[in-house]
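Whole structure, please, built from the sequences with the hints as guidance.
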Amino acid sequence: MEEINHKLQFSKEEDKCEAYFVSTYNRNNERRFIVELPLKGDVEELGESYHIAERRFKTLERKLGKQSNLKHQYYGFMHEYLNLDHMQEVPPDEENHPHITYRITRS
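Numbering of the sequence shown is given in the working numbering, commencing with residue 1 and proceeding in unit increments.
Possibly wrong hints are sitting among the right ones.
[Claimed, not checked] If you anchor each label on the Cβ, the simulated ranges turn out as follows:
| id | residue 1 | residue 2 | range |
| --- | --- | --- | --- |
| 1 | Pro-38 | Gln-67 | 28 to 36 angstroms |
| 2 | Leu-37 | Phe-10 | 17 to 25 angstroms |
| 3 | Gln-88 | Glu-54 | 16 to 24 angstroms |
| 4 | Leu-39 | Gln-9 | 23 to 31 angstroms |
| 5 | Arg-55 | Glu-94 | 17 to 25 angstroms |
| 6 | Pro-91 | Glu-61 | 40 to 48 angstroms |
| 7 | Asn-28 | Glu-94 | 16 to 24 angstroms |
| 8 | His-86 | Glu-18 | 38 to 46 angstroms |
| 9 | Pro-91 | Arg-32 | 16 to 24 angstroms |
Because the hints were derived from the structure by calculation, they are not lab data.
Built from N, CA and C at the ideal position, the CB exists for glycine as well.
Dropping the structure here:
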């Protein structure tokens, strides 16, 4: 009878992801996993993405201003994200810090 190999074969990318998780995760007081978001490549490669994101957000605001049902759903989703601690508001003194504005979550 043949023996079945139960060992999973991961790609180099998956191995790298696993190693990153193991080296960066911790747990908070509620025993929830906290993991740093990985970035492919250098942070400097993000360039001036802040202005692009700001422009897209303003477009979204205009769209929400025209569609009250969508606006209600969007605001509900964002409040749920806040309540689940999946995101936090960036304090005003950190808004223009180049190494903070690209992130969504903080631990």
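Outcome of range test on Cβ distance (Pro-38, Gln-67; 28 to 36 angstroms):
holds (35 angstroms)
Just to be sure I understand the hint, the distance between the Cβ atoms of Asn-28 and Glu-94 should be within 16 to 24 angstroms; is that true here?
holds (21 angstroms)
Taking 16 to 24 angstroms as the hint, is the beta-carbon distance of Gln-88 and Glu-54 inside that range?
holds (19 angstroms)
Please check whether His-86 and Glu-18 have a Cβ separation lying inside 38 to 46 angstroms.
violated (23 angstroms)
How does the Cβ-Cβ distance of Leu-37 and Phe-10 compare with 17 to 25 angstroms: does it lie in that range?
Check passed, 20 angstroms falls within 17 to 25 angstroms.
For the hint 17 to 25 angstroms, verify it against the beta carbon of Arg-55 and that of Glu-94.
Between Arg-55 and Glu-94, where Cβ atoms are some 21 angstroms apart, the hint holds.
Okay, Pro-91 versus Glu-61 on CB: inside 40 to 48 angstroms?
Cβ of Pro-91 to Cβ of Glu-61: about 22 angstroms, so the range 40 to 48 angstroms is violated.
Does the Cβ-Cβ separation between Pro-91 and Arg-32 fall within 16 to 24 angstroms?
holds (22 angstroms)
Taking 23 to 31 angstroms as the hint, is the beta-carbon distance of Leu-39 and Gln-9 inside that range?
holds (26 angstroms)
The structure does not agree with the numbered hints 6, 8 stated previously, though it agrees with the rest.
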